[in-house]
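Just so we're aligned: the sequence shown equals residues 0 to 436 in numbering that gives the first Met the number 0.
If you're looking for bench data, these hints aren't it; they were derived computationally from the structure. Note that the coordinates shown come from a computational prediction; the quantities given were computed from them, not determined experimentally. For each residue, glycine too, the CB sits at the ideal point set by N, CA and C. Keep in mind that the hints are not guaranteed to be accurate.
Across the chosen pairs, the derived CB separations fall in these ranges [to be verified]: (1) Gly243 with Asp75: 53 to 63 Å; (2) Glu175 with Gly245: 38 to 48 Å; (3) Gly347 with Arg395: 26 to 36 Å; (4) Met43 with Gly427: 19 to 29 Å.
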Amino acid sequence: MNIAIVGTGYVGLVSGTCFAEMGSQVTCVDIDENKIKKLLNGEMPIYEPGLEELVKRNVSYGRLNFTTKLTDVLDDVDVVFSAVGTPPDEDGSADLQYVLSVAREFGQNIKKYTILVTKSTVPVGTAQKVKDVIREELDKRGVDVPFDVASNPEFLKEGAAIKDFMSPDRVVVGTESKRAEDIMTRLYQPFLIQNFRVLFMDIPSAEMTKYAANAMLATRISFMNEIANLCERVGANVDNVRKGIGSDDRIGRKFLYAGCGYGGSCFPKDVKALVHTGVENGYHMQVIEAVERVNEQQKSIVYEKLTALCGNMKGKTVAILGLSFKPETDDMRQAPALVVIEKLLKDGATVRVFDPVAMDECRRRIGDTVTYCKNMYDAADGADALALLTEWRQFRMPSWNVIKKVMKGNAIVDGRNIFNRKELEEYGFVYSRIGEK
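Using the sequences and the hints, build the whole thing.
What follows is the structure in structure tokens.
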């Protein structure tokens, strides 16, 4: 099947590459000429394990192509995926200008039946707006070309996106016609030969499913962080509590880990957008608003623990391990590290940082306001305190004797609860973690 994907960001590039890997003829479209030029040269705009190899392989086989113009390929494709950005507006709503721009170009140029599938995360009702724009453009042309719109939200985890796309636990598709459903079935059949798990539904339900899924996961995180903060005050251990409640099949174990808050491109943006959708429709999303509020507070908890251990931070040196919002990505959007670093610098502290892949992204965001180090031990050199903010595997078993030797102080704040208290205290560290007194 021939498909086009508009937008070569995280969702568009991963989706296009995986469709090509399964044999589809794919053209990824982006108006950013520099990005397209780099992709044609094999340079990746994002870090995602396994993606670079997959892109290069499918480009070499001729199944994956890149262009700056949708019109170059529109006559030859059966399906166009819209995977452009939907950044939050000032009021928290999703900015749909890029989504509607794709719809406008689609309506201005289609000559045969084609499906426009929204892959971007968009509020309920967006498909109707997309359809109206397409119909408006067709009317301007004085033609009546048949088309369908569909919703196919993505459920990709950064750091595991290839696996998620190639072996999905479910695919959600909102359609309005049997013709569109049949085409989407053919498109996803190769991924689900053994167990076809495409959930077809009406379009508003598909649009809502994406927001509801992310809001539920964000809620579990904020709920557990609330429990962790109370555990510290009453002398309980949040790890024990997590195991106790996670053993209940009705609750389960996933997304019950306490920490220093969630970040990234999805949860913060989608939670805000869901709250705004409620306001637009006369409904106050009380739980979701609390989820966002708790998370914003939680991003400061590592800073608060550092000041509790070290006092006034002016003139102190702090080592930060981990900058990305989660492991296996260089994404720092809404990352807790940005909050902690900003507060420390404002207090007059010197900040030394290390992350396996996000150093360039950090430099792009905050410049040389911090010292970039070559490894975790370099970051710890001369530090009064060390704080872990991202649970990269390589941080899980440090040589504590080396860290003890190079650090000036002995304060350790574990923002992801991956270290062993007994071990650190045996080395003479003063150790603080989330949800344990």
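Practice problem: State, for the Cβ atoms of Gly243 and Asp75, whether the hinted interval 53 to 63 Å holds or is violated. | Solution: With a Cβ separation near 57 Å, Gly243 and Asp75 satisfy 53 to 63 Å, so the hint holds.
Quiz item: Between Glu175 and Gly245, is the Cβ distance one that fits in 38 to 48 Å?
Solution: holds, 40 Å
Practice problem: Return holds or violated for the Cβ distance of Gly347 and Arg395 against the range 26 to 36 Å. | Solution: Given about 32 Å between the Cβ atoms, the range holds.
Self-check item: 19 to 29 Å as the expected CB spacing between Gly427 and Met43, which holds or is violated
Solution: violated, 43 Å
Consistency with the previously given hints fails for number 4 only.
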